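Given chain A, work out where chain B should sit, using these hints.
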Amino acid sequence: MKKTSRRDFLKLAGATGAGLLACGAGNALANEGLQVNNEELGMLYDATKCVGCKACMSACKRVNHDYGSLSYEKAKFDEDGLWDAPSDLSGSTRTLIKLFKESEQRWSYVKYSCMHCQKPSCVSVCPVSAMTKEKVSGIVDYNKNTCIGCRYCQIACPYNIPKFQWEKAVPQIVKCDLCKSTNLREKGISACAEVCPAGAIKFGKRKDLLDEAHQRLKDAPDKYVQHVYGEHEGGGTNHLYLASMPFNKLGLPEIKPEAPAEFSEKIQHTIYKGFIAPVALYSTLCFIAVKNMKKHESHDDDHKKGDK
Amino acid sequence: MGHSEEYQKLEGKIFTKSFFILLSVVLLGFYFVGVRYVKGIGAVSNMSDGYPWGIWITYDVATGTAIACGGYAVAILVYIRNRMQYHPMIRSAILTSMFGYGLAGFSVMVDLGRPWNAYNFFIPSKWQANSAMFEVALCVMAYSTVLILEFLPAILTSIEQSKWDRMNAIRNWLHPRFAPDKKTMEDKLEMVRLGALWLKPRLNKVLIFFIVLGITLPTMHQSSLGSLLLIASTKLHPLWHTGFLPLLFLLNCIFIGYSIAILESIISSYSFKRPFEIEELSGLASLIPFVTVIWLSVVIGDLAHRNQIAAALKGDFYSGWFMTEFVLVAGGSLILFVKKCRRSARWLFISASMIVLGGALYRFNVYLIGFNPGQGWKYFPSFAEIMITVGIVALEILGYKVFVALFPVLPNMDLHGAHKKKGHAKKHKGEQSKPLPQSEAAAH
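Protein sequences appear in the order of chains A and B. Each residue of the first sequence is one higher than the last, beginning at 1103 in my numbering. Each residue of the second sequence is one higher than the last, beginning at 182 in my numbering.
Next comes chain A alone, as it looks inside the complex (with noise of 0.2 Å):
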């Protein structure tokens, strides 16, 4: 009867070990699910033009303080407060300019804000649904009314967008939603790219964005890195970058076409696909230990016979 029991338990143990190998093995297949949709809506930052005037960070923080509940930052010489002076994205700004200074001919200026990704990680990590990727616009969207504060989309996001609040006691995440509920619905373009007094934001659909980037590549191509940023990088990105220095040294990470998210995504799906696996498993266990239950019982009964 042991053997029984113990080759059953093998079956199962060998079936499950399988079940999870082949997810393993299934990652080498190639990538199947993601369609990239070029009707969203995105921004394209041409670093050259760039003037780092940072009217796009003052834009953001008017229009969306309230909405995004952002606040102004001051700087450690600044005791008064007179000007906003973030150092890094934070739970207070969505977007930033920086400067990259290899030496005084080798420079430029870059801006951060959410890449709007094709198949963002922050949406399918998020487990109770508070962020979303709008269909139409393509807009990865937060909502803190079901947002947790569990900061997975934090751990996810390949470029560090998600921030949260760490000093208040009613924190939420703060990231770019393209002016969604404030200038994106009363103007139809975001506050960023209207007020950029140099043509560097550049607001409209994907495909157009994408045309103009290669069109600007075609015209000057030794003014710029021969490669528009985002448009293959982690399945794609709505917002796209040019630049003239490398893009890792502008603090852009380098990424694989793949979306991480299709990655984990096909892992999770194939142990759990249709819920089959684990109702097997349970169903299996419980015929065993059922089993192995009733064999003791008997045994029990036996052994008490005996004793008398």
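It is possible that some hints are incorrect.
Claimed, not checked - Partial selection, computed: residues in chain B whose CB lies under 7 Å from chain A:
hint : residue
1    : G221
2    : L293
3    : N385
4    : I412
Think of the hints as simulated: they come from the structure by calculation, not from any bench. A quick note: this is a predicted structure, and the numbers were derived from the prediction, not measured. Note that CB positions come from ideal geometry on N, CA and C, so glycine has one too.
Leaving out everything else, chain B in the frame of chain A:
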């Protein structure tokens, strides 16, 4: 099933010196929990936007639940592999699992920024099945409930047998004006007892289905704890980022579970001055190397497959942590291959500690040490952050100490000897071809 006599309460006082020391640690931890709710997470912790998960998630949730897998591992052994001789160990294993998971849930509530929104887990329109976190959350909540159900028989037994000394003492201590009438109180307590008497046989009948659920759920969420980091492909060091994370986490929690069951038994035998249960422990110990060997081969095979062996041997920061984790688990398992060591409490303690440490370090490596969000980010837990974790661990030990005194949890020493002989008798029948171990042969 009349398993109740298998277990006994621990005789002795509850309010000892160590009780008050632990209590003060718990209170200090809870003071900082209070600060966290008033002033925000940033006020007590060193977590940042680069390291949004600190030791609360890494230790209390990811590692703490693995350490709480004793109940899971022993349940597989007893109910699925049909090794009833380990049944006496199961109740204390389930008790520690119950505290481990309950307090992991508690520290999640401390860690969550907006815990009042957690009800969204129960609203189907908000469900997000793509998220490993969703799976972990639901499974852990369900498993905690199952653990309470699994432990309920112990509570019901002690209600049945209770003479209500403590309740009567409290009644006598209260001012007569506040104290309830003696007759009414006795009637009500009798009703509770009858309720327990009614519930117990019914619970026992369906308990096996909950026990099996208690094996299925950890299988699911322990592997999903590994899946959580699958998406951090750019941030987690390639030594640890692999599609096999779920499988590695599952195996990891099983060998940690057996090792922690051994440690628990040795420590409680030592501190409660009871004899060591060497027979059971060496049996458990002989299982561990099988699991660790599979785990170690998956780790090596996967590294070789992804051409990361060189990175593992490079000798830098990451490879150092990887080697430490690997050597601890491998070394602990090597000790357990020696039969003499399996029969010595000291060596069992050393090897089980090594395996638990190595297994826990693996989880730290995945969640924290191997996690690099980019340039400029650093994380080391703050004092208050550590104290919250230490306070939670202290509460766990405190609860264990109180519960083993209040309820029949530890194996009954008188019956235990008889039970062991039964086990041996079974072995004789089942495995006649195998030569008897020396000590057993000597015993007969």
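| Checking against the hints above, which ones are violated? | 3
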